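Engineer: Sequence:
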Amino acid sequence: MSGLLALLDDVAAIAKVAAASVDDIAGAAAKAGTKAAGVVIDDAAVTPKYVHGFSADRELPIIWRISLGSLRNKLIVLLPGLLALDHFASVVIMPLLMLGGAYLCFEGAEKLLHAFAPHADQAVEADFDTRDPAHLEEEKVAGAIKTDFILSAEIMTIALATIESPSLWMQAVTLAIVGIFITVAVYGAVALIVKMDDAGLHMAATARTGAGRALGRGLVRAMPKLMTFLSTVGTAAMLWVGGSIVVHGLEVTHLWPWPYETIHHLAEAAAHAVPAAPGLVGWLVTAALDGVLGMLLGFLLIPVATRIIGPLWARVTGGKPAAH
Numbered sequence: 004m005s006g007l008l009a010l011l012d013d014v015a016a017i018a019k020v021a022a023a024s025v026d027d028i029a030g031a032a033a034k035a036g037t038k039a040a041g042v043v044i045d046d047a048a049v050t051p052k053y054v055h056g057f058s059a060d061r062e063l064p065i066i067w068r069i070s071l072g073s074l075r076n077k078l079i080v081l082l083p084g085l086l087a088l089d090h091f092a093s094v095v096i097m098p099l100l101m102l103g104g105a106y107l108c109f110e111g112a113e114k115l116l117h118a119f120a121p122h123a124d125q126a127v128e129a130d131f132d133t134r135d136p137a138h139l140e141e142e143k144v145a146g147a148i149k150t151d152f153i154l155s156a157e158i159m160t161i162a163l164a165t166i167e168s169p170s171l172w173m174q175a176v177t178l179a180i181v182g183i184f185i186t187v188a189v190y191g192a193v194a195l196i197v198k199m200d201d202a203g204l205h206m207a208a209t210a211r212t213g214a215g216r217a218l219g220r221g222l223v224r225a226m227p228k229l230m231t232f233l234s235t236v237g238t239a240a241m242l243w244v245g246g247s248i249v250v251h252g253l254e255v256t257h258l259w260p261w262p263y264e265t266i267h268h269l270a271e272a273a274a275h276a277v278p279a280a281p282g283l284v285g286w287l288v289t290a291a292l293d294g295v296l297g298m299l300l301g302f303l304l305i306p307v308a309t310r311i312i313g314p315l316w317a318r319v320t321g322g323k324p325a326a327h
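Just so we're aligned: 319 in our numbering is position 316 of the sequence shown, and the numbers increase by one with no gaps anywhere.
No false leads were mixed into what you were given.
Derived DSS-like pairs: lysine-lysine, alpha-carbon spacing no greater than 27 Å straight-line: (1) Lys228 <-> Lys143; (2) Lys228 <-> Lys114; (3) Lys149 <-> Lys114; (4) Lys228 <-> Lys198; (5) Lys149 <-> Lys198.
Bear in mind the hints are in silico, worked out from the structure with no lab data behind them. Given the structure is predicted, the values throughout are model-derived calculations rather than measurements.
Work the whole structure out from these sequences, hints included.
Structural biologist: Structure (C-alpha cells):
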C-alpha cells in the first residue's frame with residue numbers, strides 16, 4: 004500500500020475510535036489531523052509559490068484568502084457532498100478519487116515540462132489583463148483553491164470511507180474537525196514560511212547581538228533556496244500522491260491490478276534486500292514507483308487536457324482556454 008494510504012490507515016483507526024462519543028471525536032480528530040497533515044505536504048510545499056512576486060503586505064492576505072477557500076472546500080462543498088455520496092452512491096467515490104489523482108499527476112507533469120522546457124505562451128502574452136496585480140492575485144488565489152480542492156477531496160474521501168459509525172452526525176463532526184485541523188496546520192506553516200524573509204530582515208536590522216543579526220541575514224539568503232526546494236518537493240509529492248491514488252484505484256476496482264501488484268512485489272523484494280530498514284526501503288520504493296507512474300500518466304494527460312478538454316471547457320463556459 005502506498006505511503007499516502009498507509010498514513011490514512013492511521014486516520015481510519017483513529018476515526019473508528021472517534022465514533023464512540025463526541026469527546027472521543029475531538030481528541031481523535033486532532034491526532035488524525037496531525038497524521039493527515041503529512042499527506043498534504045504537497046499542499047504546504049506548493050502554496051508558497053502563489054504569493055511569489057507580490058509585495059510583502061499582500062502575502063498574508065493572499066494566504067488568508069486561500070485558507071478560507073480551503074475551509075469552504077472542506078466544510079461547505081466536500082463534507083455534505085461526500086456524506087451524500089457515501090449514503091446514496093458510494094460506488095462513485097473511488098472513480099472520483101482516481102480522477103482527482105489523475106489531475107494531480109497532470110499538474111505535476113506540467114510543472115516538470117515547464118521546468119525543463121520553458122516556453123512563452125501566446126495566450127498569456129495576449130492577455131494584458133494578467134499584468135494587472137489585482138487580476139494576477141485573483142488568478143493565483145483561484146488556482147491555489149482549485150488545487151486545494153483536489154487534495155482536500157482525496158483526504159476527506161479516504162477518511163470517510165474508513166469511518167464505520169452508523170451515525171451521520173458523528174461522521175460529519177469527525178470530518179469537520181479533521182478538515183479544520185488540517186487547514187490551520189498547513190496554512191499556518193505556509194504563513195510562517197513566506198514571512199521568514201521579513202523576519203530575517205527585521206532581525207538583521209534590529210538584533211542586539213552579532214549572532215542575531217547574522218541569523219537574520221542567513222534567513223534572508225536562505226529564502227530563495229528554500230522556495231526552490233519547496234517547489235521541487237511539491238511537484239514530486241503531486242506525482243507521488245496522484246500516482247498512488249490511481250494505482251490503488253485500479254487495483255481496488257479490478258480494472259488493472261498489475262501496476263499495484265508489481266509495485267508491491269518490488270517493494271517487498273527491496274525491503275528484504277535491506278533487512279536493517281525494511282519498512283523505510285519498502286516505502287521509498289513504493290513512493291518512487293508511484294511517482295514515476297504518476298509522471299508518465301501526467302505527461303500522457305498534458306495533450307489531452309490542453310488540446311481537447313481545455314478548448315471544450317472554454318467553449319462551454321465562454322471563457323478563454325487555460326494557458327499552459
